[in-house]
Amino acid sequence: MTSREHLRYLAYLGAFLVFLAVLPFQIGVYYRSFVMFTMMWVVLALSWNIISGYTGYISFGHVVFYGVGSYASAILVADHGWPWIPTLLVGAVVGLAVAILIGYPVLRLKGPYFAIAMLGAAEGTRVLVTVWDSLTHGGLGINLPNVENSMETYFAMLALMVVTILVSYWVGHSRFGIRLNAIREDELAAEALGVNTTLYKMAAFSLSAVFPAIAGGIQANKTLYINPDGEFLLLITITMTLMTMFGGKGTVIGPIVGAILLYLFQEVVWVKFPFFHLIMFGAFLILVARFMPRGIVGLFIARGWARKGMVH
Amino acid sequence: MEQAEIRRVYLLGAFIVAAFATPFAVGAWSGNIFYDRQWLMDLITVCLNGLLQGGVYAMYGVGLTLIFGVMRIINVAHGEIVMLGAYLTWVLFNAPEYLGLGWHLDPLLTMVITLPIAFALGFAIQKVLLNAVVGGPELTPLLITFGVGIAMINLVEWIFTTDYHTIPYQPDAFHITETIFVGKNKIISFAMALAISLGVFLFLKLHRLGKAIRATAQNPEVAMVCGIDVQRIYLVTFGLGAALASAGGALVSIQFGFNPETGVQYTVVAFAIIVLGGRGHYLGAMLGAVLLAVLENLVSFMVPNGSAMVEMAAYTMIVGVLLIRPQGLLGVKET
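Going line by line, the protein sequences match chains A and B.
Reminder that position 133 of the first sequence reads as 135 in the working numbering, one-by-one numbering, no gaps.
Reminder that position 57 of the second sequence reads as 130 in the working numbering, one-by-one numbering, no gaps.
Be careful, since some hints might not be right.
As the list claims (entries may be wrong) - Now the in silico label distances, taken between C-beta atoms and shown as ranges:
| hint | chain 1 | residue 1 | chain 2 | residue 2 | range |
| --- | --- | --- | --- | --- | --- |
| 1 | A | 289 | B | 94 | 45 to 51 Å |
| 2 | A | 180 | B | 264 | 56 to 62 Å |
| 3 | B | 264 | A | 83 | 55 to 61 Å |
| 4 | B | 205 | A | 232 | 32 to 38 Å |
| 5 | A | 161 | B | 93 | 26 to 32 Å |
| 6 | B | 83 | A | 235 | 35 to 41 Å |
| 7 | A | 279 | B | 111 | 49 to 55 Å |
| 8 | A | 31 | B | 205 | 44 to 50 Å |
| 9 | A | 237 | B | 185 | 50 to 56 Å |
| 10 | A | 168 | B | 93 | 47 to 53 Å |
| 11 | A | 161 | B | 244 | 56 to 62 Å |
| 12 | B | 87 | A | 5 | 54 to 60 Å |
| 13 | B | 106 | A | 83 | 38 to 44 Å |
Claimed, not checked - Part of the chain A face toward chain B, derived, beta carbon under 7 Å:
| hint | residue |
| --- | --- |
| 14 | 26 |
| 15 | 60 |
| 16 | 107 |
| 17 | 114 |
| 18 | 118 |
| 19 | 119 |
| 20 | 125 |
| 21 | 129 |
| 22 | 195 |
| 23 | 196 |
| 24 | 277 |
| 25 | 280 |
| 26 | 281 |
| 27 | 284 |
| 28 | 288 |
| 29 | 291 |
What the hints contain is simulated information worked out from the structure, not anything from laboratory work.
We put the beta carbon where it would ideally sit given N, CA and C, even for glycine.
So here's chain B without its partners, still in its complex pose (with noise of 0.2 Å):
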């Protein structure tokens, strides 16, 4: 690495640094801060919870900078994706109760029927609106992806209104010791994040279309030649993106609130991981995530006007480490 690549990954780390460390320095002097055991216990519950949260981010981080990384899109109907896992999994847990038989689906046990129809749309969306315009100018899939994105929102809107949803599932606390304690629905979706994202990452190292995908991420026409189909990999690609979105909507809905306009907010979100942990670099994002959810939990539980301001760790990322490092902390330089 050169001197001046040298001195950006300081200035980075620097950055991230200073970034954790403003809702200290805020806290303290706005006066939120105790100095006494019990603060210090709900200052580690909101970094476990952040912890936890960032697997949640970590599936529709990876989902776009899959899509980033292969195709130079930016989905910017991602979030949108997500809130309609989120809207899927809640029709299909409540389906059973309406049709009188008395019981639930279980959440993640939909994931097998809600994957497969995430799969299916961002296959399709590839297909019929983005195949034609990957390597062309950028403002076309942008304009594209957002015209999608608003028509899933409002055609949400027509058939459920803007209440806000959410899944009841395993609400109960589970305490780790007396004074520190998670939500158990927080652990299972962690866990499930985990599981999932682990699954694709194997995938993508281990399988033969895996392979072929981070070959087409690397250079699409060397792949090409190499004899990979780099148009069903753009397909395959999107749908896989849609699916772990759609997984990220599932585990939404059993712990946040959700309504059709949160959408924008899971994409600013999606947008800020990959550009911290590297856009199109698969660990990066994971790292992304955790990063920012704890960065986000901080925030609110220090900052005055905390859940205002919690969107503002999102943008500030995501304008700081495009000025001092495009390539984000794990992602390497384009040439």
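Next comes chain A alone, as it looks inside the complex (with noise of 0.2 Å):
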């Protein structure tokens, strides 16, 4: 791909972020929550697609990294006192180090077995905040100080999002991205290649961990309560996997318009039905899995409406 259409992309995103930076002053308190919480979706599959989609290995518990996140913010602001936003960036640091000290052992599984391992490390975690009174509140969750702050949590998760984008941009498009792909397609080779994959897997891991971390502390600060229960729900993990499946995993454009489209549909339709509307999901699920699992941006690279190049 030339520079020029790196350009193109830039300027497409430059206009997209023109457009969310005008928006939150032209409408009120819940359109501006709603757009902030797609724009945090678009980051959580966004975040999936870098570990799960570029190297194949199936993260099924990446909620802990939102958990922690939000976790660490929340205890920062409430019980220490702290302005919000640099408590982002504390929660970012305690992903990273999450990621590591999960990601060392068990990145070294593979296939299914990576995907419960994950799934074990994320609910150990949720078990361990709810014991963990002293620091965590336990079960009865942390209550944050009253404020309102939709256009500051606005702005903080539109930078967040417009970071993701371009580094999952990057990964699509640098050499660090093929190697992921690389490992993907088969492990050995890509080692005997010269690819140091232990390397890699950590890093792209550690990638995709702080990016929820940061979400799940803006998340934290704008709902003002969080509990262990909410905060690791697997149905996050779900979501954020069906999101880049439905969008197309692997690509980049794919976990954007996957995350905008579910959400969308998710608030307007779904809502309305309470314990029907996780029956949908599940069949939803079911059909994604089963007959699209290119996503929507794979359907039309087979129709032959967008070039391969272009969606990555």
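Assembly of the complex is requested from the two constituent chains, each provided in isolation within its own frame, with the hints serving as guidance.
Here is the structure:
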């Protein structure tokens, strides 16, 4: 891909950015938070995509980073009186530390075993957070001081989303990303060709952990109440997965499109039916996994509506 | 066995011993251990209860291990099938009462009805959703079964709400000595679990279909060449796994409370069991079930905050065993 094309995509992103920067001043608090949460899901889906889309290691417990990020931020704000923006950086560091702690051993596992171990790691962290009540207030959760910060959280999330998109774009177009793809296709062959697979997997895993940790921190400061069951919910991991799959995994545009469409649909249609909407969610998950494993983007490529290079 | 392999076996043994020692260490540290006769009797009771609970665990463990061993599919909806089995049993138990007859159906007798229903359900899930994705990328079946599970949870929640239920069945205690006693329902459920797993074990060892299932687990291609209808074996296997899970559900319903959301716990327990015992290994699953159940009971007995930390036992087992020896206690190394 030529540098001109890179510039063109950068221009698209710039236009998108200008639109999103002007938008919050034109709409009320409800819609502002709605757009904020849409951006959060874009961040989460893109992050999941970095490890699972490019490298093929299915992280079935990715919510753990979101959870520890939100807890790090909430504890510092509620118990230590920090202003909330610097706590996001602490959250990122904690997310990174947890990623290294979990990833170093667990990334040696392959295929379904990695998925199970990640699930175990995430649920185990949830139990630890529940039990360690001197630090985390246990199952009661943490209440944050009540403030109206929809504008600040909006712009924080917007900045985070832009960084995530840029990093994903870089991963998709760099040697780094190509090596990750090589690991996905055949790890042994990649290793034989001189790719330091352990290092690359760790790098991808850490990268994919930082953004959810920050997103979790912003979310905690927006919703102002967190508890272990809500922050370490398996359904959040599944939603990230579904969004990425629905859009098209292993691409940059796929998770973005998937997250926006699905969140929109979820908010507008599904929430009207409390139990039924989760039944529908399950059915939709089955349909996507069964019939469109390459997602919308894959469909576009198969029909010849999009060039392969364009969507990476 | 090569040197590294032997070292891993020892390491795994050490890990499990350490896992069993941990609740004692924590208990001693937090003052939950008393060095008298009464406490010792309580400890024996707890271990006995764990052993009996292992029977229930084995029911869902062997179902999952069967499915995994034959198809290399992780059935995330396994716990939900257990939960469904418990609900079916509960509904049948209460059905005559609702009809104004004034008596209840025996929850063990209803297995005659619930097991075939679960078998048909598993058969249908495999036929409609999973047969086409066996051998493909592992994410697809993972997501499909998760979708099935989430649909089941919310369907049951829609119909029966999130209230906890249980079936009062033989609740009085059976005294072994003056101080050591266990619930009669636990003994009955253990005996039932033992009988069913033994039956399925013999079926797998001796029956033609069972042999075909084992052959498919070993090598589906060679099995196909030998004239085994592999697709049909997949259907039967998933059906059998689901039936075993629902049998587990029936046993759950007579001694524990359950609600639509407890299914996830059963799934995790089943995972831990098959990882511990060796995935795809039938006897390994039974061994893993007993080990895990005893460990869980020790944790809830001695560790402060035990009821929350119980779940930790399963997660530690999953991650620890996968890291030390992915094939578990009895499994063989995959090539």
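Okay, the hints, checked on the actual structure:
no.: 1; hint: A:289 <-> B:94: 45 to 51 Å; in the structure: holds (48 Å)
no.: 2; hint: A:180 <-> B:264: 56 to 62 Å; in the structure: holds (59 Å)
no.: 3; hint: B:264 <-> A:83: 55 to 61 Å; in the structure: holds (60 Å)
no.: 4; hint: B:205 <-> A:232: 32 to 38 Å; in the structure: holds (36 Å)
no.: 5; hint: A:161 <-> B:93: 26 to 32 Å; in the structure: violated (50 Å)
no.: 6; hint: B:83 <-> A:235: 35 to 41 Å; in the structure: holds (39 Å)
no.: 7; hint: A:279 <-> B:111: 49 to 55 Å; in the structure: holds (53 Å)
no.: 8; hint: A:31 <-> B:205: 44 to 50 Å; in the structure: holds (47 Å)
no.: 9; hint: A:237 <-> B:185: 50 to 56 Å; in the structure: violated (36 Å)
no.: 10; hint: A:168 <-> B:93: 47 to 53 Å; in the structure: holds (50 Å)
no.: 11; hint: A:161 <-> B:244: 56 to 62 Å; in the structure: holds (60 Å)
no.: 12; hint: B:87 <-> A:5: 54 to 60 Å; in the structure: holds (57 Å)
no.: 13; hint: B:106 <-> A:83: 38 to 44 Å; in the structure: holds (41 Å)
no.: 14; hint: 26; in the structure: violated (34 Å)
no.: 15; hint: 60; in the structure: holds (5 Å)
no.: 16; hint: 107; in the structure: holds (5 Å)
no.: 17; hint: 114; in the structure: holds (5 Å)
no.: 18; hint: 118; in the structure: holds (6 Å)
no.: 19; hint: 119; in the structure: holds (5 Å)
no.: 20; hint: 125; in the structure: holds (6 Å)
no.: 21; hint: 129; in the structure: holds (5 Å)
no.: 22; hint: 195; in the structure: violated (22 Å)
no.: 23; hint: 196; in the structure: violated (25 Å)
no.: 24; hint: 277; in the structure: holds (4 Å)
no.: 25; hint: 280; in the structure: holds (4 Å)
no.: 26; hint: 281; in the structure: holds (5 Å)
no.: 27; hint: 284; in the structure: holds (3 Å)
no.: 28; hint: 288; in the structure: holds (4 Å)
no.: 29; hint: 291; in the structure: holds (4 Å)
Violated hints for the displayed structure, listed by number in ascending order: 5, 9, 14, 22, 23.
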